[in-house]
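All chains, please: the whole structure from these sequences, using the hints.
For the sequence shown, position 208 (counting from the first letter as 1) is numbered 208 according to our numbering, and the numbering increases by one without interruption.
These are calculated hints, taken from the structure and not from any lab test.
All C-beta atoms, glycine included, are put in the ideal place defined by N, C-alpha and C.
Accuracy of the hints is not assured; some may be wrong.
Keeping only pairs whose Cα atoms sit at most 27 Å apart, straight-line, the calculated DSS-like set for lysine-lysine is [stated by the list, open to error]:
1. Lys483 x Lys460
2. Lys460 x Lys520
3. Lys528 x Lys474
4. Lys261 x Lys223
5. Lys528 x Lys472
6. Lys331 x Lys231
7. Lys520 x Lys483
8. Lys520 x Lys474
9. Lys223 x Lys251
10. Lys460 x Lys58
11. Lys251 x Lys331
12. Lys251 x Lys261
13. Lys231 x Lys213
14. Lys331 x Lys213
15. Lys528 x Lys483
16. Lys472 x Lys483
17. Lys474 x Lys460
18. Lys213 x Lys261
Computed beta-carbon distance windows for the label pairs [as the list claims (entries may be wrong)]:
19. Phe400 x Gln344: 10 to 20 Å
20. Val253 x Gly298: 16 to 26 Å
21. Glu72 x Gly174: 33 to 43 Å
22. Glu62 x Pro392: 25 to 35 Å
23. Glu62 x Tyr468: 47 to 57 Å
24. Tyr212 x Thr122: 17 to 27 Å
25. Lys483 x Phe400: 27 to 37 Å
26. Pro423 x Tyr468: 31 to 41 Å
27. Gly532 x Arg416: 42 to 52 Å
28. Lys483 x Leu560: 34 to 44 Å
29. Gly532 x Lys483: 26 to 36 Å
30. Asn193 x Thr122: 52 to 62 Å
31. Asp527 x Tyr468: 35 to 45 Å
32. Glu273 x Thr122: 25 to 35 Å
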Amino acid sequence: MFWDRGPSVTVRGPTLLQPDSPAGCLPAPALLRALLLIAAAIFVSAPPAFGLGEEVLKFGGEAGWRQFGVREGVTELSNVRAHRVLALSSVDRRHDDPSLDMALSFDEDGAAPFSDSTGHYTLLASEAARKAGFALARFGTGAVIFGGALNTATNAAAPIVIMADGEDALFSAGRNLGDFSIGLWLYPGGMENGEELLSWTASVEAGGAGAYKNQSLGCFVSKNRIEWEIKNFFFAQKTKEDRSADSIDLKLVSFTPIVPKLWSYHLIRFDAETGLMEYLVNGVLEDLAYATSSGSGGGSGDVFLPVIGERGGFILGRRFNGMIDSFRIYKRFVEQAVPRRYPQSGRVRSVPIDLGAQNCTVLRIGAAGGAYNMFKGSRQSRSGDAGAFDFPGGAQIQFFIRASDSRYSWDGAVWRTFTPGEPLGTVRGRYIELAASFYPGGDAETTPYLEELSVVFSRKAPPAPPSYIGAKVKDGGVELSWKPSRDENAAGYIVYYGVASGEYFGEDASAGPSPIDAGKRLSISIDKLVNGVLYFFSVSSYDDLGQPGDYSREISVRPLRMTE
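Structure below.
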């Protein structure tokens, strides 16, 4: 937990609004306990009490993360700790892939209808397809549930119908295909024979005289395994009139039984150069077949290529009891067998945070957080060591801070890293900005999370200036003297001078630079001044961090020649 307050500490937290929860619903308590497991929780802090004159600003926890609005690949999660935490976002960010033909994320807000983010397809969803919230989704903030309760079979005719919307769609009528891949995340409620996850049906011309055949690409459950059946889809590279006898049907079956009530990723991919069609489950090759005249690879036989029929469409989730998430179609042979749940990295940054006075000193920053794996559970749990936000498997958070005395000028403010709980040294300014980089575990399934930040700082005033300053004129110089500051924290004195009132910075050609650090002395002799020129002098005190205070009263002195 965070440190106890000392007797003279001021604790203040910004008035922040708590953002809304992610779209979706929470599961029943038993399922919530099964799916949402905390992999690690750490609390990194400084000494157990604040010192005199120290203040603290808290972010996260009850205060929320409103001031950390600049986010790349990072989101807020509400089901990890009692309050929202910052963690890597599992929302699929692959929409800018030029090879992406269809992208159904099911992350739409509220009751909005499902849609294809590429714009190539139109979806019609019935009441048999319902939105699943973040706590159930495999990717992002939502998935789609078919069949109502997960343990009840259904015979809904067409939960989701998907139709090509224009010629840009890969599955538009009459299109000749090259490489393609189809991938989806699957969560079966059971594995009943005959359940139909996905089907494509169309009519393909089978020769002259207006003859047509039924074209189909279907994904079914059979004996606790998944089967892909593809009929009248691959044709020899001839004219339409010659297709009647030259088509090849393929079947691919998962070798490993599919376990109900667990997410698994299913991918089929076709290589138009070799005719190879592969089926992978969770990145493991389960089956393969060749769309060639010989039925094998190695260049033996002609390659048959897909041709899309007319009046075609997909049906998703017909006679299926379970969930589907992140359904994708690509116009290429996808090499990455399993998509990453989390990005390679993410970053958050705060707006300028006002500490309330110039030259505030940031002493240390405490943090609480951990690592979270939605699917692997307590086997990943551990405690942090010595303030480091490093976790087994590679999950990590790196922290940054910069400071400035101007909200609008950060040109000279350099970002520096810090370890939570450790002294920061000399970070001073009225405004600070905080940032954090998030890195997932090597399995891309574990995210670090940040629960709370505590900025401990001091607005201790610098020492008061001397109450008296006097001068004795010399030929070509001045002897200054002053009384000591009344403040015990005065570590030394700075002497300022110039040829105009209040203008002390610069360099006189003969006298040397101003200001001059006099150390702890209470007098100083300044020589080589120009006789007849009126000089203005002032003295300030500084503390043990070198922070100067206000100027003393100003005096003016004119050096004069003492003899003719």
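Hint-by-hint comparison with the structure:
no.	hint	verdict
1	Lys483 x Lys460	22 Å, holds
2	Lys460 x Lys520	21 Å, holds
3	Lys528 x Lys474	10 Å, holds
4	Lys261 x Lys223	16 Å, holds
5	Lys528 x Lys472	15 Å, holds
6	Lys331 x Lys231	20 Å, holds
7	Lys520 x Lys483	11 Å, holds
8	Lys520 x Lys474	23 Å, holds
9	Lys223 x Lys251	15 Å, holds
10	Lys460 x Lys58	19 Å, holds
11	Lys251 x Lys331	21 Å, holds
12	Lys251 x Lys261	25 Å, holds
13	Lys231 x Lys213	10 Å, holds
14	Lys331 x Lys213	25 Å, holds
15	Lys528 x Lys483	25 Å, holds
16	Lys472 x Lys483	15 Å, holds
17	Lys474 x Lys460	39 Å, violated
18	Lys213 x Lys261	37 Å, violated
19	Phe400 x Gln344: 10 to 20 Å	18 Å, holds
20	Val253 x Gly298: 16 to 26 Å	23 Å, holds
21	Glu72 x Gly174: 33 to 43 Å	42 Å, holds
22	Glu62 x Pro392: 25 to 35 Å	30 Å, holds
23	Glu62 x Tyr468: 47 to 57 Å	51 Å, holds
24	Tyr212 x Thr122: 17 to 27 Å	24 Å, holds
25	Lys483 x Phe400: 27 to 37 Å	44 Å, violated
26	Pro423 x Tyr468: 31 to 41 Å	37 Å, holds
27	Gly532 x Arg416: 42 to 52 Å	49 Å, holds
28	Lys483 x Leu560: 34 to 44 Å	26 Å, violated
29	Gly532 x Lys483: 26 to 36 Å	29 Å, holds
30	Asn193 x Thr122: 52 to 62 Å	32 Å, violated
31	Asp527 x Tyr468: 35 to 45 Å	23 Å, violated
32	Glu273 x Thr122: 25 to 35 Å	32 Å, holds
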